[in-house]
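*Asks:* Here is how the chains run, residue by residue.
Number of protein chains: 2
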Amino acid sequence: MDRMNHRITLARRPTGTPDDDTYATDDVPVPELDDGQALVEVTWLSMDPTIRGWMAYDTYLPAIGIGEPIRSAGVGTIVESRNSRYPVGASVFGTVGWQQYAIAESGYRVLPEWMSPEQALGVYGITSVTAYVGLFDIGRVEPGETVLVSGAAGATGSVAGQIARIKGCRVVGIAGSDEKCAWITDELGFDAAINYKTEDVRRTIRRHCPSGVDVYFDNVGGDILEAAIANIAQRGRIVLCGAISSYNDAAPRPGPSNLPILISQRGRMEGFIIMDHMSRVMDAVTDLRRWNEEGEIVFRTDVVEGLDQAPTAFERLFTGANTGKVLVKL
Amino acid sequence: MDRMNHRITLARRPTGTPDDDTYATDDVPVPELDDGQALVEVTWLSMDPTIRGWMAYDTYLPAIGIGEPIRSAGVGTIVESRNSRYPVGASVFGTVGWQQYAIAESGYRVLPEWMSPEQALGVYGITSVTAYVGLFDIGRVEPGETVLVSGAAGATGSVAGQIARIKGCRVVGIAGSDEKCAWITDELGFDAAINYKTEDVRRTIRRHCPSGVDVYFDNVGGDILEAAIANIAQRGRIVLCGAISSYNDAAPRPGPSNLPILISQRGRMEGFIIMDHMSRVMDAVTDLRRWNEEGEIVFRTDVVEGLDQAPTAFERLFTGANTGKVLVKL
Chain R
116 MDRMNHRITL
126 ARRPTGTPDD
136 DTYATDDVPV
146 PELDDGQALV
156 EVTWLSMDPT
166 IRGWMAYDTY
176 LPAIGIGEPI
186 RSAGVGTIVE
196 SRNSRYPVGA
206 SVFGTVGWQQ
216 YAIAESGYRV
226 LPEWMSPEQA
236 LGVYGITSVT
246 AYVGLFDIGR
256 VEPGETVLVS
266 GAAGATGSVA
276 GQIARIKGCR
286 VVGIAGSDEK
296 CAWITDELGF
306 DAAINYKTED
316 VRRTIRRHCP
326 SGVDVYFDNV
336 GGDILEAAIA
346 NIAQRGRIVL
356 CGAISSYNDA
366 APRPGPSNLP
376 ILISQRGRME
386 GFIIMDHMSR
396 VMDAVTDLRR
406 WNEEGEIVFR
416 TDVVEGLDQA
426 PTAFERLFTG
436 ANTGKVLVKL
Chain H
116 MDRMNHRITL
126 ARRPTGTPDD
136 DTYATDDVPV
146 PELDDGQALV
156 EVTWLSMDPT
166 IRGWMAYDTY
176 LPAIGIGEPI
186 RSAGVGTIVE
196 SRNSRYPVGA
206 SVFGTVGWQQ
216 YAIAESGYRV
226 LPEWMSPEQA
236 LGVYGITSVT
246 AYVGLFDIGR
256 VEPGETVLVS
266 GAAGATGSVA
276 GQIARIKGCR
286 VVGIAGSDEK
296 CAWITDELGF
306 DAAINYKTED
316 VRRTIRRHCP
326 SGVDVYFDNV
336 GGDILEAAIA
346 NIAQRGRIVL
356 CGAISSYNDA
366 APRPGPSNLP
376 ILISQRGRME
386 GFIIMDHMSR
396 VMDAVTDLRR
406 WNEEGEIVFR
416 TDVVEGLDQA
426 PTAFERLFTG
436 ANTGKVLVKL
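Each protein sequence line maps, in turn, to chains R and H.
Counting from 116, one number per residue, gives the positions in the first sequence under our numbering.
Counting from 116, one number per residue, gives the positions in the second sequence under our numbering.
Keep in mind that the hints were calculated from the coordinates and are not lab data.
Backbone N, C-alpha and C define an ideal beta-carbon position, used for all residues, glycine too.
You may find that some hints are simply not true.
What the hints assert, rightly or not - Output of the computed footprint for chain H on chain R, the stretches with three or more beta carbons under 8 Å from beta carbons of chain H:
1) 163 to 177
2) 367 to 375
3) 385 to 393
4) 427 to 434
As the list claims (entries may be wrong) - Label-pair ranges, simulated between beta-carbon atoms:
5) R:S394 / H:I281: 43 to 51 Å
6) H:R318 / R:D142: 50 to 58 Å
7) H:E302 / R:A126: 28 to 36 Å
8) R:L176 / H:R255: 23 to 31 Å
9) R:R350 / H:K282: 23 to 31 Å
10) H:R255 / R:T210: 31 to 39 Å
11) R:E220 / H:G410: 53 to 61 Å
12) R:R321 / H:D364: 53 to 61 Å
13) R:P177 / H:T427: 52 to 60 Å
14) H:P177 / R:D301: 35 to 43 Å
15) R:D315 / H:D136: 27 to 35 Å
16) R:T210 / H:R368: 56 to 64 Å
Input sequences plus hints: build the corresponding full structure.
*Replies:* This is the structure:
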């Protein structure tokens, strides 16, 4: 077979911010399919902060191997198939990696006709399911509660805040620019926004959440987590979804100095990995679809074109250049 | 009435370690009883780390007022009564304060005949109920799990570890001297002990808990909490019971740098206040009594004599001079 597969691979494990030394590219022949396999032509890649962990060390998944394509969720089209579950022409979602072609064997899902690839990685994607599970199953949010969301202009945070709003909560978002703050209040319907780069986060949370924070949906960790703990309500829940502020740290940074507040306030802090909650995907997508079709959910994608731009697109997550979900279109 | 009440009162809120400036003493007349009141002659005081918080600021209870006796649990004998629930001669448990006489109105409990004052503040006391509730209701410990306990030679920690042992767990304790470590392994039946003053806590936890820590019962906070997080098992629970390492800090100290581990390990960290769980006292005391009578629980008290020694006795909690429960006998 003549078909070549262009790939972006892991050249070296990053210790700080991934840079040119982190990545390599190569072109390898697409292998012949075995029985049970299908060939996916990758069309979209999902940029997710968790990839930073996979590059560096074993986490809930083993680290990406040196020389292997960067592990990544994405969508593609079946172009050859020896598996009846993946017919030629079908759009599929799976862990495609940063490459032109992937082999689907199991673990891929055929997209329903009504769902576009951009929706599958966007408004109905894993980040939205993560927001749903984090709020309901981990945070156990109730109507009337006050919900604080960091990374509020990101893919997960923007949806988490809107779901909380739909459920009748007071919602306060934290983001990194006045534009993002205006977007989440004016277009997404958050009750208030805090620009963490220009405001005293701890005091501003107190002002916007005078009876305390019942659920803090944490996408960032670091100093903002400390500020949220300082304002936690009695029996408040902190949903540890991500800690993007620390992922590029070369050395560990001190954590929150005020954890004993969780004792006096009877607070709970809990981490989760969405992979453990795949049984909730149908519930989440059903609700998200209804809300989306009713115009209750605003979702923005930040699309970068070209496989070779994936490293640049990925970097946008960490610099905060993005609003909404970062995708790469091949 | 001529009876005078000698009291140790709060002179000044401590910022660091409480010292002579923190306390004052006075002698005030015992007031006449109103209907519904009874007069308690205090016989025993319970020394508890949480008092340090009450001295300094509002927590789950308002701070102790300046000039008021130091708030403290204790036991006494009813010597006069205008309340039929508190007959003269009865032993009662309640928030007596650091003073010779207290007024019981409500919130006092008459001790059953089989329970001595020392047992009421000791093996069947609030610290043991705290261990019980923390392990079962917050930590949701299961037989076969690995349980790590800090402050393991203290009143709460020593009982928490023994309950976990009775429930079929592997139990590792952390304490501050070789003598304490020998006590918890040789007499209390812990599987292993770590002297945090002489050993690398993180590595030693790893050695003693090769499959990770399922439940960490935290009485101390600080660096030991960080070491425990580093070793948490998947779906591990951290029971935040106390943070004695920080209570005397004049300024906040950085917290654990490794909280994102709670995400990849799906960990949960939860604080609690035993006051919220008083409905569990009967269950706890019933089980503790059975275990104690079967010889399954070893409990040690560290008794200091004389009301005026209360500040010195209290200090023993923070210097780690005590093994077991610190009590003051009047």
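*Asks:* Each hint needs a verdict: does it hold in this structure or not?
*Replies:* Taking the hints in turn, this is what the structure says about them:
1. For the region 163 to 177 of chain R, the stated coverage by chain H is satisfied: 3 residues place a CB nearer than 8 Å to a CB of that chain, which reaches the threshold of 3.
2. Chain H is given as covering the region 367 to 375 of chain R, and this holds because 9 residues of the stretch bring a CB closer than 8 Å to a CB of that chain, at least three being needed.
3. A stretch counts as covered by a chain when three or more of its residues have a beta carbon under 8 Å from one of that chain; for the region 385 to 393 of chain R and chain H the count is 5, and the coverage holds.
4. Given as covered by chain H, the region 427 to 434 of chain R fails the check, having 0 residues with a CB less than 8 Å from a CB of that chain where 3 are the minimum.
5. Remark: the range hint 43 to 51 Å for S394 (chain R) to I281 (chain H) is contradicted by a beta-carbon distance near 35 Å.
6. Distance hint for R318 (chain H) and D142 (chain R): a CB-CB separation of about 45 Å, inconsistent with the stated range 50 to 58 Å.
7. Roughly 57 Å separates the CB atoms of E302 (chain H) and A126 (chain R), a value that falls outside the hinted 28 to 36 Å.
8. In this structure the hint that L176 (chain R) and R255 (chain H) lie 23 to 31 Å apart at CB holds, the actual value being about 26 Å.
9. Roughly 26 Å separates the CB atoms of R350 (chain R) and K282 (chain H), a value that falls within the hinted 23 to 31 Å.
10. At about 33 Å, the beta-carbon gap between R255 (chain H) and T210 (chain R) stays in the expected band of 31 to 39 Å.
11. Evaluation of the 53 to 61 Å hint for E220 (chain R) and G410 (chain H) yields a pass: the beta carbon distance comes to about 59 Å.
12. Take R321 (chain R) and D364 (chain H): their Cβ atoms lie about 23 Å apart, and the range 53 to 61 Å is violated.
13. Checked against the given bound of 52 to 60 Å, the beta carbons of P177 (chain R) and T427 (chain H), roughly 55 Å apart, stay inside it.
14. In this structure the supplied range 35 to 43 Å holds for P177 (chain H) paired with D301 (chain R), their Cβ-Cβ distance being about 42 Å.
15. Here the CB-CB span from D315 (chain R) to D136 (chain H) is close to 33 Å, well matched to the stated 27 to 35 Å.
16. Judged by the Cβ atoms, the range 56 to 64 Å given for T210 (chain R) and R368 (chain H) is violated: they are separated by roughly 41 Å.
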